[in-house]
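Residues per chain, in single letters:
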Amino acid sequence: MSTTEYVASRDEARNEETNERPPLAVVGSQTNRDERIFGEVFDGHVIRRFARFVRPYRGRLVIALIGVLAFTGTQLAVPLLIQRTIDDGIVGAAAGVQALTAIAMVFFAVVALNFAANFLQERLSADLAQHVLFDLRRAMFEHLQRISLSFMDKTEVGRLMSRLQGDVQALQNFLETSIFVVGDIVLLGGIVVVLLSMDLYLGALTIAIVPVLFLVRIVWLPHARKAFISARETNSRVNGALAEAINGVRAVQEMAREDVNYVLFRDKARENLDAQLRASKFAQVMLPIVDTLTGIAMGIVVLVGGNLVLTGQVPLGVMVAFLFYVQRFFAPIRSVTMQYSVMQRAMAAGQRLFEVMDVPVDVEDRADAIDLQEIDGSIEFRDVTFGYEPGRPILRNISFRVNPGETVALVGPTGSGKTSLTALAHRFYDVWEGSVLVGGHDVREVTQHSLGRHIAMVLQEPFLFTGTLFENLRYNRTDASLSEVQEAAKAVGAHDFISKLPSGYFTKVEQGGGNLSLGQRQLVSFARALVADTKILVLDEATANIDSYTEKMIQQALAKLLENRTGMVIAHRLSTIRGADRIIVLQDGEIVETGTHDELMERMGLYARLYSMNYASFDDIPEELIRAGSNDRQAT
Amino acid sequence: MAFQHRIRMTIAIVATFVAVTFQLFIPQLLGQSVDQAYTLFQRGAGGAEAQQVLLISAALLFAVSVLRGVFTMLHNYQAEAVGQTVGYELRLAIYEKIQRLSFSYHDRVHSGDLITRGMLDIEGVRLFVNTGIIRLFVLTVLIGVGSYLMLRSNVLLALVALSFVPFVGWRAVVTRLRLRKGWLRLQERLGVLTRVMEENLGGIRVVRAFAAQGYEMNKFDRASRRAFRLTLHRIGLQVRNGTAMSFAYFVAMGLVLLIGGRMTLAGEITVGRLTEFLAFMQILQMPVRQLGPLVNSFARATTSGERLFAVLDLEPDIRDKPDAHDLELTEGRLRFERVDFKYERNDAREHALNDISFEVGPGETLGIVGPPGSGKSTIAHLIPRFYDVSGGRITIDGQDIREVTLKSLRQAVGLIQQDSFIFTARLENNLAYGNPWAEQTHIEWAAEVSQLHNYIEQLPKRYRTLVGERGVSLSGGQRQRLAIARMLVQQSPIMIFDDSTAAIDAGTEQRIREGLSQIAHRHATIIIAHRLSSLMHADEILFVDDGRIVERGTHNELVELGGRYRALYELQSNPDADSFEGIAG
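Line by line, the protein sequences are chains A and B. Counted the way the numbering used here counts, the first sequence spans residues 1 to 636. Counted the way the numbering used here counts, the second sequence spans residues 1 to 585.
The shape of chain A in the complex, shown without the other chains:
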């Protein structure tokens, strides 16, 4: 085995280092896992919510269940037909070729039915479960598109992805196995009924092993489950460490941590291996127990049944049928008890899933929302108070107006509420009090979609999607032609570097825009906003320093972008601030000063003081300096 040798040679090479683990080295996420793998067995809320997703396919569900029942029926019938073959076709009074052929024909009919039923149950159950899985995922994804941004801000992408993948799958699995479990329960009941009706005494004796099997299973289950959970948990920890190694591979190589990491990873993988083997022991130990019980049942049938045959109380075929049935007890018991764990997993997954889907969509179009057509491009805040958590307003009584074509710069220390202001203009959130008007319309009275047509946003971090540059540049404006896109790129100065790329506008953007520099990504995001061609532009200027060349281009692009548009800019660079028609200075969620650069400098207020501190950006100014300043002001 080549991997074995490979690992062995690596292990040998490191033996001297493996004896001691560096005290401060870890691999994999160090957070406590707060996600339960198993939940309650039955959760009414989860079931009700889930049922809504199954309902559209209830026709299929019914047919699948019919298939399951028919299939179970044919399974039950097989030993019975064998009994008939022996008793009626071979050894009975009316035995003969004719009778035998007739029974065989019935058997073939049952086989045909079995085939059809089997196809139906397998096909429809899988089909149904996949439909529900894709619908559920879609519903969740769509909900995430509309859900409040504050929820998205505090939830990691990885966590949402595990809802969209793992949890959705757990519910699919639950649905699929549930259908078959119905068949298993019917099969078990059917066998019991058939045995008892064939011979009450022998039947009762044989069936005695069923409760014993159940009992063993119930005693075994909690112990086994612990082992299974531990196997799952250690497994996800190993996978977490692996993902970390992939995402952080450059840092690992930069600091030559490969050897240490390997040893730590091996510990984790080893832990998982041990847990898996323990779980496997639990799974396998059931086999001899089941076989022992089955052996007892077969022994009873041979001994007691044989005696009954001897004395002529029971026909020979019945004894044969019994021997066939007793070997069938265990499979359904196993599925039924396994279903318990499947349900627990599904409930835990469902709880997490529906928790997200229950997060209310707090920004919704009103029923009478109007489609915003041509507007003048003004923005007005009227006595706006707003916050993310009840009782903790971020903005208080904000009122100002940005006239069409005017550029307003928002400045102020970190946490003063600048970003919230821009988010409100786009109605990412609804205000607590007051109103925000765009083009003279309250943003709550227009459709979000039409609002989006009038406001373009440039975010601080230029985010690009995988795909071609062309796709990225036109993004939502899918009707934009290549020449339109090129025009926009030329206007912001992105055309030059784009046309130098191997495939020009059709160059693929790598993951996270990795094949473009930060400055280039910024220019692309500017061009994207320009393609959107809106009356209003909201821009959060990047704080990071870019090289002077790109910087210069970006400054020019910015001027181009704001030409003939209403602009609301969270400004960090002094050139941007000074280029604005008006500056609004915010502190602690309130407007403290407004005016042009010169006016504000003359006033000698917060702006003038911040400006004179020579910081790269107002956001960098340490809190204590600002506070100290405020106190000064109050003192004087």
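Careful, some of the hints might be misleading.
To be verified - Partner residues are not named here, just some residues of chain B that face chain A (Cβ under 8 Å, in silico):
#, residue
1, Leu30
2, Ala211
3, Ser246
4, Tyr433
Unchecked claim - Partner residues are not named here, just some residues of chain B that face chain A (Cβ under 8 Å, in silico):
#, residue
5, Gly69
6, Val311
7, Pro384
8, Leu415
9, Gly434
The hints are simulated quantities; they were obtained by calculation from the structure and are not laboratory data. For every residue, glycine included, the Cβ atom is placed at its ideal position computed from N, Cα and C.
Dock chain B against the given chain A, drawing on the hints supplied.
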């Protein structure tokens, strides 16, 4: 491990044969007891003799059944142990390979794709080895040994009973091939779907800003529908195949019933023998039903295995030479001797670096400036050998860096990049990443120099605070300061700052630089920056453009030269210029 595998495999194989033999005893025993009961009944025998015969049969059945269970447990467990161990080894091998593959590989391959391989593909292979192989093996032995036993007892009936086997075998082979193709495409599609969702969630603000929910839903639907169609296609194949196999099996059973029944009527075989044949077929029912899913998991495992070995078979372009020795540091002097470099990418039309030579020793600082894309960062990447030079050579204390071990080289070179990865772990784990044996005092000193200590001190858990994706999130400037501290803990004689202070404000940077100057005499320092104030104190400054050094000298010399450096300097220092850096610096 290899030896253990062999023992386990041997145990598993032997146990399988034993278990199967016991299992195949059961039909015979059942047949015998039926015959005994029937003949005794016909003879009208009774009493003790009959009792004893039946008791022996019952006891035998019980014993065989128990033994079968024990040996099945044994072979299942051993086989699973082998499977799990193989999975464990595959994991280690993949982990190791991923850690070692060069930057040029990671530049090309999407991290999500690698994660899928590392998780799902290993799972696929492991599942198949755990349960698939043993089931396949058991089925083969069952049919093999069973055929022998049946053929021995009645050739005609045996042929009837086994008539379904060729059909099932043929179906299995054909379907496996088709499913394999299906899986390959499905895995690709699911990968696309994952990416679409991930990017949407990561860029949700962009999506909202452009009111592009509709557009994104379309994108999602397209990806989702494609994956869905392929899933249904796969299910269809799998179900058609599985049910056809079951059908063939049941038809064969019906034929046994019909033909066997006639033979019994004709007195050619006994009822017991017929029971034996039927019982044998009953044993096969489960394995045949499992064959469908098995074929599916086999198909999946083959594609998974293929994808895994595609990674494992790669050799990192950058690796230790067979006779590589550890770097012997005497003073820590770095030299570039006429270095050329060309990226391997097919879109790289020309050299990224041309004829670069410089030297920097302990206590010295080299500054590098130049427009974006000029090759500044490429120079930084060559020193820890993330890429190999195409011409010329790089030496440290006279040793070509290609001749020394990567580990010793990279420990000697501390590179801080603009965007550094923060691990989800405690601050102290992150700070000590490059030197996990570091003392607490040393870590605190590094944090202090990087102007991070005061911030850490006010966190509730101080150095034990969790940072990274699931912990306290750090601002861009804090991340850069963490990266600087991390490198100071590593204590490398050669320090490279690659645009690593861009998000740190000028004031803080100034304080960091003062702190660093205390230890500067021990290190060779390279500073790559846009802000000239960050590097104007350097002993030598290189102005790089288009991969060439176009100007070099001290700050004063370059200003006097009146070339490109001077132009940049004026751009940045003119308070009336559009750029802001001049004022800040």
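The hints, checked one at a time:
For B:Leu30, the interface hint holds, the least distance from its beta-carbon to any beta-carbon of chain A being 5 Å, beneath 8 Å. Of the supplied interface hints, the one on B:Ala211 holds, with its beta-carbon coming within about 2 Å of a beta-carbon of chain A, less than 8 Å. Hint status for B:Ser246: holds, given a least beta-carbon distance of 6 Å to chain A, under 8 Å. Hint status for B:Tyr433 relative to chain A: holds, with the closest Cβ pair at about 5 Å, below 8 Å.
With its C-beta approaching chain A no nearer than about 3 Å, B:Gly69 sits inside the 8 Å limit, and its interface hint holds. For the restraint placing B:Val311 at the interface with chain A, the shortest Cβ-Cβ distance is roughly 11 Å, beyond the 8 Å limit, so the hint is violated. Among the interface hints, the one on B:Pro384 holds; its C-beta lies about 6 Å from the nearest C-beta in chain A, closer than the 8 Å criterion. Below 8 Å, beta-carbon pairs count as interface contacts, and B:Leu415 has one with chain A at about 5 Å; its hint therefore holds.
Against a cut-off of 8 Å between C-beta atoms, the interface hint on B:Gly434 holds, since the closest Cβ of chain A lies about 3 Å away.
Consistency with the previously given hints fails for number 6 only.
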